[in-house]
Amino acid sequence: MMIPPEITAETRAFWEAAAQDRFVTDYCVVCDRWIFPPRGRCGRCDRPCEVRQVAPDAVVYSLTVNRQSWGPEVVVPFGLALAEFPAAPGVRLLGRVGEEHLDAITIGSRVQLVFLTDGPYPVARFIPAEGTR
Amino acid sequence: MKAEDQALLAGVGVSKVGRRLDASALQLTLDAVRVAVADAGLEMADIDGMATYPGATVSYVPGFVGPDLYEVQDALGLDLGWHLGVPQGAAQIAPLIEAVLAVGAGLCRNAVVFRTVTEASGQAGRGRGGVGAALAEAPGPFAWLLPVGALSAANWAALSAARYLHDTGASREQLSWIARVHRAHAGRNPSAVYTEPLSFEEYMGARMISDPLCLYDCDVPVDGATAVVVSRADQRHDLRHPVRIEAMGTAIRDRPFWDQRRDLTTMAAHDAAAQMWTRTDLEAEDVDVALLYDGFSILTVLWLEAMGFCGRGEALDFVAGGSRVALDGALPLNPHGGQLSAGRLHGWGFVAEAIVQIRGEGAERQVDGASVAAVGVGGGPVGGAILLTV
Numbered sequence: 000m001m002i003p004p005e006i007t008a009e010t011r012a013f014w015e016a017a018a019q020d021r022f023v024t025d026y027c028v029v030c031d032r033w034i035f036p037p038r039g040r041c042g043r044c045d046r047p048c049e050v051r052q053v054a055p056d057a058v059v060y061s062l063t064v065n066r067q068s069w070g071p072e073v074v075v076p077f078g079l080a081l082a083e084f085p086a087a088p089g090v091r092l093l094g095r096v097g098e099e100h101l102d103a104i105t106i107g108s109r110v111q112l113v114f115l116t117d118g119p120y121p122v123a124r125f126i127p128a129e130g131t132r
Numbered sequence: 000m001k002a003e004d005q006a007l008l009a010g011v012g013v014s015k016v017g018r019r020l021d022a023s024a025l026q027l028t029l030d031a032v033r034v035a036v037a038d039a040g041l042e043m044a045d046i047d048g049m050a051t052y053p054g055a056t057v058s059y060v061p062g063f064v065g066p067d068l069y070e071v072q073d074a075l076g077l078d079l080g081w082h083l084g085v086p087q088g089a090a091q092i093a094p095l096i097e098a099v100l101a102v103g104a105g106l107c108r109n110a111v112v113f114r115t116v117t118e119a120s121g122q123a124g125r126g127r128g129g130v131g132a133a134l135a136e137a138p139g140p141f142a143w144l145l146p147v148g149a150l151s152a153a154n155w156a157a158l159s160a161a162r163y164l165h166d167t168g169a170s171r172e173q174l175s176w177i178a179r180v181h182r183a184h185a186g187r188n189p190s191a192v193y194t195e196p197l198s199f200e201e202y203m204g205a206r207m208i209s210d211p212l213c214l215y216d217c218d219v220p221v222d223g224a225t226a227v228v229v230s231r232a233d234q235r236h237d238l239r240h241p242v243r244i245e246a247m248g249t250a251i252r253d254r255p256f257w258d259q260r261r262d263l264t265t266m267a268a269h270d271a272a273a274q275m276w277t278r279t280d281l282e283a284e285d286v287d288v289a290l291l292y293d294g295f296s297i298l299t300v301l302w303l304e305a306m307g308f309c310g311r312g313e314a315l316d317f318v319a320g321g322s323r324v325a326l327d328g329a330l331p332l333n334p335h336g337g338q339l340s341a342g343r344l345h346g347w348g349f350v351a352e353a354i355v356q357i358r359g360e361g362a363e364r365q366v367d368g369a370s371v372a373a374v375g376v377g378g379g380p381v382g383g384a385i386l387l388t389v
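Chains as they are written, first to last, in numbering that gives the first Met the number 0: chain A, 0 to 132; chain B, 0 to 389.
Just to be clear, a hint being listed does not mean it is correct.
[To be verified] Computed footprint of chain B on chain A; a stretch qualifies when at least three of its residues, placed anywhere within it, have a C-beta under 8 angstroms from a C-beta of chain B: (1) 23-34; (2) 51-57; (3) 76-82; (4) 115-124.
[Stated by the list, open to error] Looking from chain A toward chain B, a few residues come up when the C-beta cut is under 10 angstroms (computed): (5) Met0; (6) Arg43; (7) Leu62; (8) Thr63; (9) Val64; (10) Asn65; (11) Arg66; (12) Ser68; (13) Ile106; (14) Gly107; (15) Gln111.
Hint data in this document are derived by calculation from the structure and do not stem from the laboratory.
Every residue, glycine too, gets a C-beta built ideally from N, C-alpha and C.
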């Protein structure tokens, strides 16, 4: 069961970059703040945001291992990690953790974001910081 | 005069509740509404307001959305001065809180508010499905959850639970007390779905759903409807046995998403409960019975802290051993068994039980001298709180 994202005017840049394995989101140059999910303009100063690339280095904020198959074609188990990006304060993204990395990744682990781009839409995935693709 | 003082909870009605009932959402709703109106001591013709959660909207899970508000109005042949179906607000009790405001504002005198689920029938004999299975695309905040594979609220709540256990050093063994206490209470509730005791061994041996949550940390979908009549307080003498609304809380003061709230060991519940306490002179220690949402066990844990019954990070110590939250404990918790054991009426079982307890109608599960009930409904980015009294 794959449910693709609805792509909006504000999130199109994110999904197009993700398809090229890059993480971009909104950044306000006036307020020096990152905004995720992208909203197009800064909620503080109301100016249009720049779309900027976020460095893929992240730290796991929380992690669960999903073991229930919630629908057709859902292969379990797999990890789901919420990770934060030190280079972009306030940005937190949910991604998958492969079964082969569940022993190596826990809350507090340093991880790297990659996007799986071989499916119908890009899927965020976290791998151990020292790991390889 | 605060808004809460201008309205009363005059009546409550619950339809038949069960795993798979041979009754439509509309029929279940009509049953609950008729019981609630009669319970209030009113005639159907007295009802001039109607509200529901969520009303006609996107159904993320089969059986999640109850009947269309207007079909219920039409089936009952009602003239309405006020009506509302609300999918976004102070959790599933948003329409109840709105009804209090509408009655106070004079838009209607007696509003019936209902919540109906047919999620057990919606499973159609299959296992519990994911959120949004019927959707072609994941909209809005769901775009960051469903496409990644976080297809169930169990996953979203598990991320809170995992962080909570990490921060507090608590274990699944300690978390087990929520499910075990609720099951023990359900044993005294003849309309609960699961009434047999749940042992520690059964809990620890249960299959995991989304670590650290196991099967018994997840509520049980049912078919059923709940209705409550909200009446203007100046009718007190025409009502059979109304319950007072002491305070309400609707606040959400942080990022309103399951994944984005800065501290996932807190929820919108913390904001709603804090606001509720600003609207009363009563304090947490005055509460006789707590009705706290348990769509997942961790949500009850967080509600205990949100309501201030214990400090941050202390809830699993608070419930350890079960005695403090037993029916004869310092803070009886969910005497009906919660959604984990009595069934997922999606927040409204807690409202109904609070009314039952304050009236002293709890029979085998009645909490002695229950005159103040705290109700907390919702999880993650939705929360609504009400404090009810005699």
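Hints versus structure:
no., hint, verdict
1, 23-34, "violated (count 0)"
2, 51-57, "violated (count 0)"
3, 76-82, "holds (count 3)"
4, 115-124, "holds (count 3)"
5, Met0, "holds, 6 angstroms"
6, Arg43, "violated, 14 angstroms"
7, Leu62, "holds, 6 angstroms"
8, Thr63, "holds, 4 angstroms"
9, Val64, "holds, 4 angstroms"
10, Asn65, "holds, 5 angstroms"
11, Arg66, "holds, 5 angstroms"
12, Ser68, "holds, 8 angstroms"
13, Ile106, "holds, 5 angstroms"
14, Gly107, "holds, 8 angstroms"
15, Gln111, "violated, 16 angstroms"
Violated hints, listed in ascending order, are 1, 2, 6, 15; each of the other numbered hints is respected by the structure.
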